[in-house]
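Novice: One letter stands for each residue in the lines below.
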Amino acid sequence: MNDELSSLVAEHTAPLMRGALARGLSQSDAEELVQETFVAYLEARARFQGRSSLRTYLFGILYHKAAELARQRSRETSTEDIEKLFGSRFDGRGHWLSQGPRGPEEESLTHALAAAIRDCAQKLSATQRSAFFLKEAEGVPSEDVCNILSITDTNLRVLLFRARLRLRECLAKAWKSR
Amino acid sequence: MMTCKEAATAFAHGDYTGLRARLHLLVCRHCRLFRRQLLLIESALRAEVFPNPDPARTAVLERAILDRLRSL
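Respectively, the protein sequence lines represent chains X and B.
Those letters in the first sequence? Residues 37 to 214, by the working numbering.
Those letters in the second sequence? Residues 16 to 87, by the working numbering.
Any given hint could turn out to be false.
Some chain B residues judged to face chain X by a derived CB distance under 10 angstroms, without partners named [unchecked claim]:
1. C19
2. L34
3. L55
4. L87
It should be emphasised that the hints constitute simulated quantities derived from the structure, not laboratory data.
No residue lacks a Cβ here, since even glycine has one placed at the ideal position from N, Cα and C.
Please take these sequences and the hints and turn them into a complete structure.
Specialist: Here is the structure:
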């Protein structure tokens with residue numbers, strides 16, 4: 037049992053911490069929720085039926101707890117109408133207006149660009165950050181991401197679509213002001 | 016041929032490899048830039064926004080979690 041616990045904790049603590057920080061939690065909140073995640077898993081592990089990977093199951097517990105915490109603190113950020121803004125970049129025939137998209141042209145990730153993207157990512161909602169993290173950084177299949185975040189596949193597509201647009205618009209704005 | 020809006024919409028949905036959108040890229044530098052920016056953002060998110068947690072702090076946390084789990 038002790039060995040089992042040790043390997044469970046050794047294998048999943050760092051990814052769960054990364055997931056908690058990716059959602060925008062503070063270091064101390066992240067550490068607290070990761071602890072609570074393991075406790076919740078241990079107390080109810082009979083319910084784990086192996087339909088998803090254990091990692092995915094643990095992310096589900098973690099994000100459920102993070103959502104609860106956010107509800108308690110009611111601090112979800114407001115969102116602007118990013119799709120309307122995106123649509124306004126094109127003319128009636130679907131071509132880019134005037135100069136086209138603005139923003140960095142470098143292919144490499146410079147220090148300044150990384151900082152700008154970090155700033156812009158702070159403006160995403162917790163759910164957008166979580167979806168991006170699970171899908172793009174952890175490589176969790178869409179179906180599991182939907183289960184973890186309690187959203188439909190259509191919601192997930194829209195969420196990621198808006199997140200990409202929002203990040204790009206924010207980055208273009210940040211770049212313009214330099 | 017796709018319009019810029021259709022191609023950019025496909026890219027913003029994470030579909031970077033569709034044939035029709037790639038054909039459009041051959042003739043549109045604006046969309047090439049738009050696609051490149053989205054790819055750059057995704058790689059930056061992976062590397063910069065979702066970094067691995069500090070190993071020393073993680074080790075301390077792992078010990079705290081184990082202590083707590085063993086006391087249950």
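Novice: Please go over all the hints and tell whether each is borne out by the structure.
Specialist: Hint check results:
1. Checking C19 (chain B) against chain X by beta carbon gives a least distance of about 5 angstroms; that is within 10 angstroms, so the hint holds.
2. Residue-level restraint check for L34 (chain B) is violated (minimum Cβ-Cβ distance to chain X is 18 angstroms; threshold 10 angstroms).
3. Hint status for L55 (chain B) relative to chain X: holds, with the closest Cβ pair at about 7 angstroms, below 10 angstroms.
4. Contact between L87 (chain B) and chain X, as hinted, is supported at the beta carbon level, the nearest pair being about 6 angstroms apart and thus within 10 angstroms.
The earlier numbered hint that this structure contradicts is number 2, and it is the only one.
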